[in-house]
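Engineer: What follows is each chain in one-letter form.
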Amino acid sequence: MQSSLHIKNLQLFRQNELLLSLNEQVNGGEILTLMGPSGSGKSSLLNWLTGALPSGFHANGEVWLNDTNITFTPAHQRHVGVLYQDALLFSHLSVAGNIAFAMPPGNKKQRLDKIEASLAQVGLKGLADRHPDNLSGGQQARVALLRVLLSEPKAILLDEPFSKLDSQLREDTRELVFEQIRYHQLPAIMVTHDHSDAEAADGKIITLSKLS
Amino acid sequence: MTEINSSKSTIQKSKQKNSQSGSQLNHSTDWFTRMVKFSPKFLLLLLIVPVFGGLIGVLLPAFGWAPALSQYDLGLQGFNALWQTSGFGRMIGLSIATGLLSTLLAFVVTLMILGAFFNSVWLDRIQQVLSPILVIPHAAAAIAVGFLIAPSGMISRLFSPWLSGWELAPNGMFPHDPYGISIILGLTLKELPFLLLMALGALAQPELGKKLRQQHKVALNLGYCPMTAFYKVVLPSLYPLLRLPLLAVLAYASSSVEMPLILGPNTPPTLAVAIMHWFNDVDLNLRIKASAGALIQLALTGGLLALWLLGEKLVKCLFCESLTNGKREYAGSYWQKVTGAITILVISFIGLALLGLVLWSIAGFWRFPSALPDSFTLLHWQSAVMQMGEPLVNTLVIGIITTLIAISLTLLCLESEQIKGKLLSRFTSLIIYIPLLVPSIAFLFGLVWIQQLIAVQVSFISYINVVIAHLLFVLPYVFLSLASSYRQLDSRFAIVAASLGTKPCKVFLKVKLPQLIAPILIAAALGLAISFGQYLPTLLAGGGRITTITTEAITLANGASRRTSAVYALMQMLLPLIGFILAWVLPKFIYKVAHR
Numbered sequence: 001m002q003s004s005l006h007i008k009n010l011q012l013f014r015q016n017e018l019l020l021s022l023n024e025q026v027n028g029g030e031i032l033t034l035m036g037p038s039g040s041g042k043s044s045l046l047n048w049l050t051g052a053l054p055s056g057f058h059a060n061g062e063v064w065l066n067d068t069n070i071t072f073t074p075a076h077q078r079h080v081g082v083l084y085q086d087a088l089l090f091s092h093l094s095v096a097g098n099i100a101f102a103m104p105p106g107n108k109k110q111r112l113d114k115i116e117a118s119l120a121q122v123g124l125k126g127l128a129d130r131h132p133d134n135l136s137g138g139q140q141a142r143v144a145l146l147r148v149l150l151s152e153p154k155a156i157l158l159d160e161p162f163s164k165l166d167s168q169l170r171e172d173t174r175e176l177v178f179e180q181i182r183y184h185q186l187p188a189i190m191v192t193h194d195h196s197d198a199e200a201a202d203g204k205i206i207t208l209s210k211l212s
Numbered sequence: 001m002t003e004i005n006s007s008k009s010t011i012q013k014s015k016q017k018n019s020q021s022g023s024q025l026n027h028s029t030d031w032f033t034r035m036v037k038f039s040p041k042f043l044l045l046l047l048i049v050p051v052f053g054g055l056i057g058v059l060l061p062a063f064g065w066a067p068a069l070s071q072y073d074l075g076l077q078g079f080n081a082l083w084q085t086s087g088f089g090r091m092i093g094l095s096i097a098t099g100l101l102s103t104l105l106a107f108v109v110t111l112m113i114l115g116a117f118f119n120s121v122w123l124d125r126i127q128q129v130l131s132p133i134l135v136i137p138h139a140a141a142a143i144a145v146g147f148l149i150a151p152s153g154m155i156s157r158l159f160s161p162w163l164s165g166w167e168l169a170p171n172g173m174f175p176h177d178p179y180g181i182s183i184i185l186g187l188t189l190k191e192l193p194f195l196l197l198m199a200l201g202a203l204a205q206p207e208l209g210k211k212l213r214q215q216h217k218v219a220l221n222l223g224y225c226p227m228t229a230f231y232k233v234v235l236p237s238l239y240p241l242l243r244l245p246l247l248a249v250l251a252y253a254s255s256s257v258e259m260p261l262i263l264g265p266n267t268p269p270t271l272a273v274a275i276m277h278w279f280n281d282v283d284l285n286l287r288i289k290a291s292a293g294a295l296i297q298l299a300l301t302g303g304l305l306a307l308w309l310l311g312e313k314l315v316k317c318l319f320c321e322s323l324t325n326g327k328r329e330y331a332g333s334y335w336q337k338v339t340g341a342i343t344i345l346v347i348s349f350i351g352l353a354l355l356g357l358v359l360w361s362i363a364g365f366w367r368f369p370s371a372l373p374d375s376f377t378l379l380h381w382q383s384a385v386m387q388m389g390e391p392l393v394n395t396l397v398i399g400i401i402t403t404l405i406a407i408s409l410t411l412l413c414l415e416s417e418q419i420k421g422k423l424l425s426r427f428t429s430l431i432i433y434i435p436l437l438v439p440s441i442a443f444l445f446g447l448v449w450i451q452q453l454i455a456v457q458v459s460f461i462s463y464i465n466v467v468i469a470h471l472l473f474v475l476p477y478v479f480l481s482l483a484s485s486y487r488q489l490d491s492r493f494a495i496v497a498a499s500l501g502t503k504p505c506k507v508f509l510k511v512k513l514p515q516l517i518a519p520i521l522i523a524a525a526l527g528l529a530i531s532f533g534q535y536l537p538t539l540l541a542g543g544g545r546i547t548t549i550t551t552e553a554i555t556l557a558n559g560a561s562r563r564t565s566a567v568y569a570l571m572q573m574l575l576p577l578i579g580f581i582l583a584w585v586l587p588k589f590i591y592k593v594a595h596r
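Chains as they are written, first to last, in my numbering: chain R, 1 to 212; chain H, 1 to 596.
Hints are computed from structural coordinates only; laboratory data are not their basis. The structure presented is a predicted model; accordingly, all values stated were derived computationally and were not measured. You may find that some hints are simply not true.
Simulated pairs of lysine-lysine, PhoX-like, Cα-Cα distance not exceeding 20 Å [what the hints assert, rightly or not]:
1. R:LYS109 to H:LYS327
2. H:LYS512 to H:LYS420
3. H:LYS506 to H:LYS420
4. H:LYS37 to H:LYS588
5. R:LYS164 to H:LYS327
6. H:LYS510 to H:LYS588
7. R:LYS204 to R:LYS8
8. R:LYS109 to R:LYS125
9. H:LYS37 to H:LYS512
10. R:LYS8 to R:LYS154
11. H:LYS217 to R:LYS154
12. R:LYS114 to R:LYS125
13. H:LYS420 to H:LYS503
14. H:LYS422 to H:LYS37
15. H:LYS588 to H:LYS512
16. R:LYS114 to H:LYS327
17. H:LYS422 to H:LYS41
18. H:LYS327 to R:LYS108
19. R:LYS164 to H:LYS210
20. H:LYS41 to H:LYS420
21. H:LYS327 to R:LYS154
To be clear about the criterion: a stretch of chain H counts as covered by chain R if any three or more of its residues have a C-beta under 8 Å from a C-beta of chain R, and this derived list gives those stretches [to be verified]:
22. 204 to 217
23. 223 to 234
24. 325 to 335
Built from N, CA and C at the ideal position, the CB exists for glycine as well.
If we strip away everything but chain R, and leave its shape as in the complex, we get (with noise of 0.2 Å):
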């Protein structure tokens, strides 16, 4: 069954003041990119489909994902992952803890052989006992990409994502993660300023507009 996250007849409020109406389906593997200035609603958006919509905000419509309405679904049981600008390891695990807090309980030996495989997958062989505070960048962002992928998400949000990294780093972080996202098949919407990371995401671009 081919997955899909579809947003349907969004209307999007600030207060009483109507930020944005969107109705798209994003299918797996497909990413669907949103750009517009601040203030435009984008991280909002964002926000209501992980269900965490601040207060002061409201907003009508229903979100599916593969066909199951998840519009009043509590955060926690989504199964969306986000991944951010910032990395936002947790400083109190290391990076093959980081991972594991993400993955589904179970076996210990065949979780932490998962880690090892993957870290190397993404060329971060060895590096399951460091610190995250003591990793690169470019590192700590593939450490959130894997934390988010192996937590078997159903779908993929990328709240900027790129926008800390300088531009070489930009290009293969962003490639890695657009390849993994296909790879696994997962709906995929993105928020970016970045006209390149639209290109790259090969995918629809809406633009949206400061309503005043």
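Let chain R serve as the given structure and place chain H on it in line with the hints.
Structural biologist: Only chain H this time, still in chain R's reference frame:
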């Protein structure tokens, strides 16, 4: 404002002389900078001399060397007398049980509330309800809790006679129950808001708070139930900031006298209360035994602190694995409901206790099962206020002097950090909190011994002694409260002012302090509240001759009428409350005038 400044500058001038003699080599800096640089050393002196002097002053008599009693034979007679005291083991047991259980209980409930309501509007609401509890002195809280759980107290009235069938007040064991349950209840209710606000204060730090909230969100996105996310992600980073407050609570709970005096059993009492009785006994030879007891108290509290730290390690070891086992849900919704119920219970308990206190203070005739008094009267307030003159003046004078010194010294020390460009040394920051970690009953008695050796018994001297003793407890809180705002002050203002040719003392007084007026006033209100609530330091350092609202309240709590006692307890709450309201209102007023 001008008043504060002028009194501050006189203090500064008087200290200027001290510092000049100390550092005459350094001619390049002005007197203000030198004074500021000297201030951390002065702070250390002010804390170390009384605390460690007091400890030595109790150590020597404990082993029989007491010149004040003309006893010079070193030996273990004090300890021998202790072992022979009937119920000594029970005293120790009671101190350990009440201290440890109340701290543990307050900590667990704090964690449950934080876990269940992290990042929700409810946490702010709970904070708003519970923060006023912080200003209630322990003695007043104890009196209120005592009224609540007494056989004829509010709880029993609410359930009588329709549920309990009691037409007359029953014989109950609360308060003063032999197991210390009342003490545990009182301490838990009092320490819970403190720990909660300490945790919320840590989470309010801009950088840490933001990081932890984002990480909590990440955990939610990864499928963690909110409570589990708090325990697995937020708590490990938050706990190090809670350690010091927790240890302070544990040290206080295991060695305080206010709560056990009012809520505890008499046969035998907790160790700290027993020591106090022995010290105040007419038989001066009991003081050797009391000093030995103070050493045991020191060991007991030290042992409990060590036990807590050990427990920390153990918990870390046990749960380290489960942090990353991927399990996301531990019956979170069930625990959320339990926490909600406990929170409601705690808040209604506190609310009922306060309501009872107010009712008693204005009650005329009040038959047993009725929930409300039959008639109301202001007579108790009138007669109590008539007698309150001297204690009230003492309370205010000592509180204001202590707070002024504490605030000035704290500000100077924080300024010295900025001038030197580095934080106070770890040693200094540790020493600031020493009075909160060492049982006050131990070093305060040593101080009394020393005072009796050297001091002339003039009442003027007793006031100075009381101020110094209060400072030991006011300073840490004032420092804790001011430090983060001072350190967050944008240093560019000072640089701009300096580049315009402003002298360092002017930068301090005219640029930095006005920006900090709100936190300074809050710290002052806190300092006043802490000073108002001190019982043992007032009693001991004042040689029993200086009465304050708090010492009177405790004296009255176990004898006189409930109504008078209620009035004093309410006065105890009213004074700090006025301070905090002023601290809250004044900055708004000052800004309004400034912006006109």
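Engineer: Next step is simple, just say for each hint if it's right about the structure.
Structural biologist: Tested hints:
no.	hint	verdict
1	R:LYS109 to H:LYS327	holds (16 Å)
2	H:LYS512 to H:LYS420	holds (16 Å)
3	H:LYS506 to H:LYS420	holds (18 Å)
4	H:LYS37 to H:LYS588	violated (33 Å)
5	R:LYS164 to H:LYS327	violated (32 Å)
6	H:LYS510 to H:LYS588	holds (18 Å)
7	R:LYS204 to R:LYS8	holds (17 Å)
8	R:LYS109 to R:LYS125	holds (17 Å)
9	H:LYS37 to H:LYS512	holds (17 Å)
10	R:LYS8 to R:LYS154	holds (18 Å)
11	H:LYS217 to R:LYS154	holds (17 Å)
12	R:LYS114 to R:LYS125	holds (12 Å)
13	H:LYS420 to H:LYS503	holds (16 Å)
14	H:LYS422 to H:LYS37	holds (12 Å)
15	H:LYS588 to H:LYS512	holds (18 Å)
16	R:LYS114 to H:LYS327	holds (17 Å)
17	H:LYS422 to H:LYS41	holds (15 Å)
18	H:LYS327 to R:LYS108	holds (12 Å)
19	R:LYS164 to H:LYS210	holds (18 Å)
20	H:LYS41 to H:LYS420	holds (14 Å)
21	H:LYS327 to R:LYS154	holds (18 Å)
22	204 to 217	holds (count 4)
23	223 to 234	holds (count 7)
24	325 to 335	holds (count 4)
Consistency with the previously given hints fails for numbers 4 and 5, ordered from lowest to highest.
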